[in-house]
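Here's the letter readout for the chains.
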Amino acid sequence: MNRDVIVNLSGAAPGGAAPGTGLSRRDLLRLVPAAAAGLVLGVRLTPAAPAAAGAASLAPNAFVQIDVGGAVTLWVPKSEMGQGVRTALPMILAEEIGAEWGKVTVEQAWLDPRFGDLDTGGSTSVRTSWDPLRKAGAAARAMLLQAASTRMQLPAAVLSVAGGRVIHQRSGRQVPFSDLVADAAALPVPADPPLKDPKDYTIVGRPLLRTDTPAKTDGRAIYGIDVSVPGMLHAAVVLPPTFGATPEGFDDEKTRRVPGVRAVVPFSRGFAVIAESTWAAFKGRDALVARFKESGRPPESSADLRRRCEAALGADGKVLRNDGDTAAALKTAAKRVEATYEIPFQAHAAMEPTNATAEVKDGRCTIWAPAQTPSWALEELKRVTGLPAEAIRINITFLGGGFGRRINPDFIIDAAEIATAAGAPVKMLWSREQDLQHDYYRPFAMHRLAAGIEADGRIAAWSHHFASTSISAFYDPATKEPESDEIGGAADVPWPIPNVRVTYKPVDSPVPRGWWRSVDSSGNAFVVESFLDEVAAAAGKDPLRLRQELLRDPRRITYPNRAFIQDTTRLKGVIDLLAEKTPWGGPLGPGMGRGVAAHYSFQSYCAMAAEVEADGRGGVRVHRVVCAVDCGRVVHPGLVAAQMESAVVFALSAAVRGAITIDGSRVNEKNFDSYDLLRIDAMPTVETHIVPSTAPPTGVGEPGVPVVAPAVFNALFAATGKRIRRLPLQRGDLKPA
Amino acid sequence: MPRYTLTVNGQKRAVDVAADTPLLWVLRDTLGLTGTKYGCGQSLCGACTVHLDGEPIRSCVTTVADAASGGITTIEGLAADPNHPIRKAWIAEDVPQCGYCQPGMIMAAAALLAKNTKPKDGDIDAALSGHICRCGTYQRIRRAVHRAARSLTAPFGRRPGAAGPTARPPASPTDGGGR
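Note that the protein sequences, when read in sequence, are chains A and B.
Residues in the first sequence are numbered consecutively from 734, following our numbering.
Residues in the second sequence are numbered consecutively from 6, following our numbering.
Just chain B, same shape as in the assembly (with noise of 0.2 Å):
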């Protein structure tokens, strides 16, 4: 099988695999890189989304040859942030239900706001209306978007919803299940 060379998450990984082998199943199957998910196939519910330079692509419809030219980000990649304002959005607004398409959901996020810093329902349906949530977090998400480009236009130290009294406790527990 021939070797392809990616960037993946600022890292070179080197794997073996056939030339039509779609993105997705190699971060899933040889890079063990899970958090990417397959719903379709087709392109059809944005599941697999990872950003391919930045962009917003579909893994399940791009080669493992059309994906080695570039640096791809994964869900793992932008949460290795702890602090990235869209992971910390979607917790404050208890976006995920079953979660499966989040992962895709946020990768999209993701790439809409480093474009557009104040996107408006409009900009966020756009968006985002290729991507499928069977839950209906709808409308979590575009709260979650919103909050997300507060926090990232904020002046520094003033955050919205960084500070000031809040109903919740500081910390949640641990969700030790499921590995």
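Just chain A, with the same shape it has in the complex (with noise of 0.2 Å):
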């Protein structure tokens, strides 16, 4: 039986909520409405006019230049982040090529027309740019293989490349590409060249070396903060105390006072001190009297917070499913299951904080920045300089990761403003301090849930409704669809449940949200996930049995307007591998439990089994995760594992380690030892294992992280008996009752 889903979410317009796919592209689009056009495809391929005869290289488009002693420079047109970005495109266009891997250089692009918008989020950058950098590899194959044949007086058919050479197999004959090149480059460029039959790949799908660990070991990386350019100056800033604090004036005497303070100098949100170096700028900072104007909102706090959200659970929400007739199932049915889960504000922490550097004279504004969306920075730099795209240059540094946090272009305006003031180029950096305090944090909401099961076991009904503060009323608090950002994996449930009623309520507040990796997945696959375990436990089913039996004909899950579906056998797969190589029902330590989840975001499949003890003094002991991933056809394995390792970790830290919590309108965690993250005594053992596939390529930077948190409570409940609803884990939540 395969039996197509269409997730209801009424109320959504065209282009409408997306579930799963992190970014709301809608609202982006609102806010960078020129942009636009170059969002759809991450990456533009244009291709190049011919060259003059006797061109020094072949460049047929932005991304591949082979200059004529056979040299091939291939450009990265998305940020590099720690997810491989520099390692897996670059794969993608030497294989089409032909290039030789080891003798490639890699390149980052800028925010240039040529290259796309560089955008950067989503676990989007495999995804869209597989076809495109095929492509953009391809013409180059094609035109050095038109070339060859001319020279070697043979059919373009009989040869192949690789290597960095024209091969005629039969005769054995080799010409290198810097023979080619200058007839290469005079030959128009394909439009529609012939991709590789992935069977003669030789680069794609091998766990290769990065590309970047090199520079990333011995110092010569340059991230934002390492940024020197000529005559620049340091700035360090004076930010609102308390959300929505607007800057008044400042007495700047005690600064002026620290050697090497140039000038205080106000901006559009704060204050800002320029001075020689990093320190004086923080001291000058330290010393600075600054007034702020109060909002004149109630000052807000978590406890407040969570009192507004526990009555808009009390009140009616937005429809986005209803099928069947939830209440009056869950009235007849033989048991009934109902628990209330709660998520609190995290923070992104990226060990980079917050960071740019901004030169604007003589007409032109020059940004060196570790950007994850440069297009909504342009757009923010068009408005705040006056000056036109072509005048602005927007360059990418390493980033010491992003998350989600450097999609806002904030902090670049901030910089492009405080140059502007400084009359130099100027690098702003925050401290630590300002980095968690300033940042646009995972929604805080909670949720309720109720399951009618029958007596024979089955599931009748799921209610499900949710309160949070959305993120996309925070971008636009006119919006229509609060919800658009925060119901991927709660609206779209793929089990063969008769009654499903998904309901949301949007709650207003100061505090700014934003996408944090994985983003509304990151909580609803918890809550969602956790429950059907409170299920299972009161069907009296095994619950990866459960999960698989709910699975067992084939779904489609589709999604208004959007291209892709969530396929239930997919996600049966991921979870029947885990099942193979766990083994699920293996042996287990004393006092341990296994737990389980699976998940579908952005795209992708992932399923993990998580192995735990209490560890006695109210914390957790995760020994061993195993992961299942299904990302359709791995560009680089390695990667993938990479990538669910760091999820493992991240996603960790937010389960059992700090939360940001809010009082008189502010943060009040300030530091890594009131935000506490994962470190190395508590990392588990982290097993990957890949579904094959020939499906197209999908992303993994955020599918891991969802099923974190639900793995690792349910095997706590499986060792334990105690049910954890609200995150991160308490001291006293594991004390006996």
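Heads up, some of the hints might be wrong.
Partial pick of chain A residues on the chain B-facing surface, computed with a CB cut under 10 Å [as the list claims (entries may be wrong)]:
#: 1; residue: Trp834
#: 2; residue: Ile958
#: 3; residue: Glu1085
#: 4; residue: Trp1228
#: 5; residue: Phe1297
Straight-line distance between alpha carbons at most 35 Å, and here's what the computed DSBU-like set of lysine-lysine pairs gives [what the hints assert, rightly or not]:
#: 6; chain 1: B; residue 1: Lys17; chain 2: A; residue 2: Lys1314
#: 7; chain 1: A; residue 1: Lys836; chain 2: B; residue 2: Lys120
#: 8; chain 1: A; residue 1: Lys1213; chain 2: A; residue 2: Lys1064
Read the hints as simulated data drawn from the structure, not as lab findings.
Positions of the beta carbon are idealized from the N, C-alpha and C atoms, including for glycine.
Fit the two chains together into the complex; they arrive one by one in their own frames, and the hints show the way.
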């Protein structure tokens, strides 16, 4: 039986909610109208005009350049923030070109229409670059083949390209790229070059060494914080002490006495101390007496926000899905399970504190920044500098982590304003405290769920009502779809339950919210996969077997106005692989428990099994996590495994370490002492298993994150009988009742 | 401003900076050695770790005055040896993701291996638990420290991983970006 299920997102406008896609592109588009055209396909392939005869290089498009000496340079049109784009994307290009992998040079693209928008987020880099970069590489190969065909007086069809040479297999004749570049460059660039047969791949699919490790292990890698330009000064800033406060004035008497301080300048949201060194700027900032005007809104606190969310759980919400008659089915069910879950604010806490370098002079603006979405920054820079796009250059450095924080262009705009006021190139650097206290946080949310179970164990009804501080309502308070970045993983539960009702109520707050690695799925999968575990326990079923049983008949979950589908065959595929590799039901140490979770997000499928024990001090010790992932064709299996390891650490920090809390309209946590993150002594063994696939590749930067917390807490339930429904784990949660 | 003479990576360097300036900012802003990173400013994350007379210290809370007495080694100094076993192990295990914390991790690992040539996982955890890697490379860090330890203790000419067939290509592309 093959059932198609359309998730009924009532009220969603065309181009509407995109569960599991991360960024709500619609909201970004509203903010970035001029960039809209480039957002459809992240990477734009614009063929170059044929070069004049005797050209110094073959450059059929912006991504590939082969010079007459045969040197191959490949440009990466995404930001490297650890996920490996500076390895995976050049691999796609080099594969199609037939270049010698060990000899290519990888370069970072800057924001330029020739490269597309460079936007890096939503686990899209490989997925959206796959086709355009294959074509970009194939164009070069086709031109080299054509030139070789002429040179060798052989039909192109009998020639092949590999290792930087065109080869005639039968005769063994070979011509290196260096001998062909001048001729190839004079040929027209093919619009639709033939792509390699995947069976001939020699680069894609292999665990090649990352290209960026040498520079990241000898101090050469340049992150935003490392940028240095001639005449550059350093800026430290004073930011609003409470949400929504606006700068009024300052007294810089003490600041001016700090040796090395040059000036204090105001900018839109604060004051900047300009100095000859970072340390002088920091000292000058600490000495500055700054005055801000409070927003006039009632002071926000976590306790008050929790009360408002509880009230919202008691109120009607917007109906996101309504299959059957859930209320009636809950009434008549043999057994009813109910639970309330809570998810706190979380910070991105990338290791590189927020920074950007700007120079604004002679009608030009130049930025060097660890940015995820330079196209958004460009629109804001046009507004604040009054300059046209052609006069603005945004260079992308290495990112010391991103996780969604650096999608926001706020820090780039600040730097441009400060550099303009300073009349010199300025590198603006935030303190760690500012980075934690002026983030765009993962939303606060509360969820109430109920399920009805029939006497035979079938799930008859699934009711899910939740409230959160909506991301899209933060960026656009007038939005008609505050649910757009909240519902992935909640509205699209994939099981054949006849009565399903999912409703949502936004809760207003002055706390800034944003896209935090895996966005809505990060919290919703914890809630939904934990509650499914509660249902399994109530029905007396094994939690993994229940998942397999629910997915026995293939279903296709479709999303309004979206090209992708959730194929439950693939979701079951990762659960089956996980069951085999763990192995599920295998022996466990004394006091340990095993838990499972599976989830579809960002068009990839991921399941994890965690093996944990209570550590006896109120905490949890995670010993082992097994991951199974289906992300279509794999460009680099090692990068997939690395992202699964990364997801485990990132999500475990949010599950068992710190949270962001609010009092007096400001963040309480200041540094890594009060906002602790997982450290090496809590690192479990992580094993990754990949489902072999020839489906188009999809991303892995985020899809591992959502399943970690539910797998761990389901395991903790198996070990202790304690159900954790509030993140993060509190010291008292495991005490006997 | 007072003048300090520092010994950094074996070279004498004279700097004119305020006495309370953390070594971190002298290295980064004055000497241009940006491999050492600012992460927290309070000795909580380890990103700024360098060696002072071979001991790992947090340069974000060590003043220039306190650092002037000894020999300072930064990631640039450690990596001046292209065959340094720790760096080679880090590359072979594909340890870094964003890479921002890695100079501090490598300096701490080097200090560990200088004292303990056969560390167990518990020793590695104890030496590195003051560090934070937000990307979560801890598992690979453990592997790389073990790999480096093996190569340090293996008899000459029989360094594990240095010989024999390998599934990996002999060379990696050049990353020309980021400068």
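Consistency of the hints with the structure:
Taking 10 Å as the C-beta contact cut-off toward chain B, the hint placing Trp834 of chain A at the interface holds, the least distance being around 6 Å. Hint status for Ile958 of chain A relative to chain B: holds, with the closest Cβ pair at about 7 Å, below 10 Å. Among the interface hints, the one on Glu1085 of chain A holds; its C-beta lies about 5 Å from the nearest C-beta in chain B, closer than the 10 Å criterion. Interface restraint check for Trp1228 of chain A: the shortest CB-CB distance to chain B comes to about 31 Å, outside 10 Å, so the restraint is violated.
Proximity of Phe1297 of chain A to chain B is violated relative to the hint, the smallest CB-CB distance being about 27 Å (cut-off 10 Å). The straight-line distance between the Cα atoms of Lys17 of chain B and Lys1314 of chain A is roughly 56 Å, outside the 35 Å bound, and the hint therefore fails. Of the pairs offered as hints, the one joining Lys836 of chain A and Lys120 of chain B is violated, with about 38 Å between alpha carbons and a cut-off of 35 Å exceeded. A C-alpha spacing of about 33 Å is found between Lys1213 of chain A and Lys1064 of chain A, which places the hinted pair at or below 35 Å, so the restraint holds.
Of the hints listed earlier, those the structure fails to meet are numbers 4, 5, 6 and 7, in rising order.
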